[in-house]
Amino acid sequence: MEQKEQRGFALPVAVFALVIVGVITTGGFFMARQEGRIGVASEYAGMAFYLSERGLVDAMDNWNRDLYGALPDWGDTTFTRDYTGLGQVTTRITRMTDLLYFVDVDGTVTRGGAMRSGASRRVGVTTRLVIAEIDPPAALTTRGTTSLSGTAEVHGEDEIPGGWGGFCPDPLEDKPGILTDNSSQVSTIGAAEITGDPDVVEDTSIDDETFTDFGELDWDDLTEWANIRLSGGTLTTLEPDSTFAGDCRTGQAFPLNWGNPENPGAACFDWFPIVHITGSANIQSGGVGQGLLLVDGDLELRGDFVFYGIIIVQGSIATQGQGNRVLGGVMASNADFESQAFTGGSVVTNSTCAVTRAIRNNSGLTRVRPLVARSWVDLSAISES
Amino acid sequence: MNTGDKRGFTLVEMMIVAVVGAMVVGATYQILLSSQRAMTVQTAQVQGQQAVRAGLDILTSELREISRSEGDILNMAPNRVEVRAMRAFGSVCGVAATGSPILVQKVGRFFEDGDSIMVFADNNPDLVSDDTILPGLVSTIDKTQTCFGGEAAQLLTVPALAVAAALTDDTVRLGAPVRAFTRYTYGLYSVDGDDYLARKSGVTIAPLVGPLAPNGVSFTYVDSLGSVTTNPRAVSRIEVTLRSESSVLNQQGRPVAGSLSTAIYLRN
Numbered sequence: 153m154e155q156k157e158q159r160g161f162a163l164p165v166a167v168f169a170l171v172i173v174g175v176i177t178t179g180g181f182f183m184a185r186q187e188g189r190i191g192v193a194s195e196y197a198g199m200a201f202y203l204s205e206r207g208l209v210d211a212m213d214n215w216n217r218d219l220y221g222a223l224p225d226w227g228d229t230t231f232t233r234d235y236t237g238l239g240q241v242t243t244r245i246t247r248m249t250d251l252l253y254f255v256d257v258d259g260t261v262t263r264g265g266a267m268r269s270g271a272s273r274r275v276g277v278t279t280r281l282v283i284a285e286i287d288p289p290a291a292l293t294t295r296g297t298t299s300l301s302g303t304a305e306v307h308g309e310d311e312i313p314g315g316w317g318g319f320c321p322d323p324l325e326d327k328p329g330i331l332t333d334n335s336s337q338v339s340t341i342g343a344a345e346i347t348g349d350p351d352v353v354e355d356t357s358i359d360d361e362t363f364t365d366f367g368e369l370d371w372d373d374l375t376e377w378a379n380i381r382l383s384g385g386t387l388t389t390l391e392p393d394s395t396f397a398g399d400c401r402t403g404q405a406f407p408l409n410w411g412n413p414e415n416p417g418a419a420c421f422d423w424f425p426i427v428h429i430t431g432s433a434n435i436q437s438g439g440v441g442q443g444l445l446l447v448d449g450d451l452e453l454r455g456d457f458v459f460y461g462i463i464i465v466q467g468s469i470a471t472q473g474q475g476n477r478v479l480g481g482v483m484a485s486n487a488d489f490e491s492q493a494f495t496g497g498s499v500v501t502n503s504t505c506a507v508t509r510a511i512r513n514n515s516g517l518t519r520v521r522p523l524v525a526r527s528w529v530d531l532s533a534i535s536e537s
Numbered sequence: 047m048n049t050g051d052k053r054g055f056t057l058v059e060m061m062i063v064a065v066v067g068a069m070v071v072g073a074t075y076q077i078l079l080s081s082q083r084a085m086t087v088q089t090a091q092v093q094g095q096q097a098v099r100a101g102l103d104i105l106t107s108e109l110r111e112i113s114r115s116e117g118d119i120l121n122m123a124p125n126r127v128e129v130r131a132m133r134a135f136g137s138v139c140g141v142a143a144t145g146s147p148i149l150v151q152k153v154g155r156f157f158e159d160g161d162s163i164m165v166f167a168d169n170n171p172d173l174v175s176d177d178t179i180l181p182g183l184v185s186t187i188d189k190t191q192t193c194f195g196g197e198a199a200q201l202l203t204v205p206a207l208a209v210a211a212a213l214t215d216d217t218v219r220l221g222a223p224v225r226a227f228t229r230y231t232y233g234l235y236s237v238d239g240d241d242y243l244a245r246k247s248g249v250t251i252a253p254l255v256g257p258l259a260p261n262g263v264s265f266t267y268v269d270s271l272g273s274v275t276t277n278p279r280a281v282s283r284i285e286v287t288l289r290s291e292s293s294v295l296n297q298q299g300r301p302v303a304g305s306l307s308t309a310i311y312l313r314n
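Protein sequences, first through last, are from chains A and B. The first sequence: position 56 = 208 (my numbering), numbered continuously. The second sequence: position 108 = 154 (my numbering), numbered continuously.
Chain A extracted, bound-state conformation:
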């Protein structure tokens, strides 16, 4: 029996419906994917922005004053840093003047492979160096009765520390040997000596603030920025060359490392800490240090202590024994007007180089900060493209 082909239209209709549904589903997937891509692009754009911001902060936190300071006006230097798993930051630092710098950071996201990486953002900030204005006006600035005996010496003639010749750009500046509120209370006995330009100067305006206010900084600022805090008492030794794997070990974890001023090749030669002694201290039996030594109470040097930089004492200062040597400047408030005695073979010598290096090599005393207002700029937003 021959059977004729009998087809309905259900199959074509079903196929048509499947095609339509397929098209709609594909369209939905396409839109969802587009939306997903836009979301990812937005996320990565945000990532690039914060990468640039991080680059800005890192550039200011790790300010290389020697390198940037040596650039000519309007000269610049560029460096690149990788942030593993996130992106790359190219930083250009332009020196405008001695104190003004422009930091230009371009952050590019590398995370996500070839498909997703590449988002970039460029931001900038105008910064200025803020350098603490601590300039001891004499080799020894103090108040009240001050006597030198034995072979103690105070010299206002500027001296460059041995081996520091290449690190002292500023011209020499002789200062008074002693600046005091009452010159009649300064005396020498025996072979003790005071020299300077002039030897002794009287300034009746010297008061407490002379020893606590330094330009735009005060005593609280300085002590707050201390790298090392000690409670006082007797210090019998220092560790000027505390290193690990060739690096200088610094900070509160190594409170006896006050730098290594007498060995220019040493790892700790550029370590100029702010040391804050919250009480009174006796430093005896040697030790070498540099930086800024702040003492809330009295300070007594008992022999063979060598210090390069600035010593500021809110109480009185006294020396005894042989070998004490301070290059830089000493300021002793002596608020209680105690009798201060420099005995033995102690020597205090003015050194503008030691003072300058103590300030400029401490990140707390030489800080780079954004301008007071309108320092930050989104350079991507004003690009010509």
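Since the hints were made in silico from the structure, they are not lab data. Watch out, some of these pointers could steer you wrong.
Computed, partial: chain A to chain B, Cβ under 7 Å [as the list claims (entries may be wrong)]:
(1) Ile-176
(2) Thr-249
(3) Thr-278
(4) Val-353
(5) Asp-373
(6) Arg-526
(7) Trp-528
Quantities reported herein were computed from a predicted structural model and do not represent experimental measurements. Glycine included, every Cβ here is placed at the ideal spot set by N, Cα and C.
With chain A's structure known, arrange chain B on it following the hints.
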């Protein structure tokens, strides 16, 4: 001749086919319809999301750079904020002892005649306490100048007497940043019956993204302690919420809507 079995469809068969066919077509149509509706809703949702996202990007970019301490927030309301928005940036590379003009090396866009500018005045370079910002209005620009290293520079003349007198080399020093700005109001504006996030300058309203919901733009001004403030100079961050609303209705019969919020911390 074999004539074979030559029967036609019976009425019952035809009715069954018609009913089954109608069911298949009806079901297919329903699927199609619901898919299309879902797609329309989804499209409206996506467009709304894209609109508010783009709007937040614009607002973030504009508002992040303003300075509260320098009074860049001129007016602030729950649905609008008027600010000085930066348009050009450069650094002073030449300044005379007698004041205006100043030579500026731009970054990005050119400065233009009539720009309102802000110039950083260092005064005594050893002091931070005397640093300030000088406002000015550029009258003419010479774009043919050069700066350090032969870089292209613009010579800006800023004639206002008091400002010009202050633009001296012991006040505005080399490296001082210069910014040009424009007053813009960002907020919700009605354009052709729809609500948009728009930028108003003078009487000109430029729609940016939309359409948005009638309450589609809201600003909350927060100070550094986290409290809502009405003092423009105390604003530390601006919290922005954008809400989209479409004429398309969702399955519940409500307009398709979406919203995004962000907190913008002021950098300057």
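Evaluated hints:
1. Ile-176: Given a least distance of 4 Å, the restraint on Ile-176 (chain A) holds.
2. Thr-249: Given a least distance of 5 Å, the restraint on Thr-249 (chain A) holds.
3. Thr-278: holds, 5 Å
4. Val-353: Hint on Val-353 (chain A): violated, closest Cβ of chain B at ~24 Å, above 7 Å.
5. Asp-373: Hint violated; Asp-373 (chain A) Cβ to chain B Cβ min 13 Å, cut 7 Å.
6. Arg-526: OK, holds: Arg-526 (chain A) within 7 Å of chain B, min 5 Å.
7. Trp-528: holds, 4 Å
Of the numbered hints given earlier, the model fails hints 4 and 5; all others are met.
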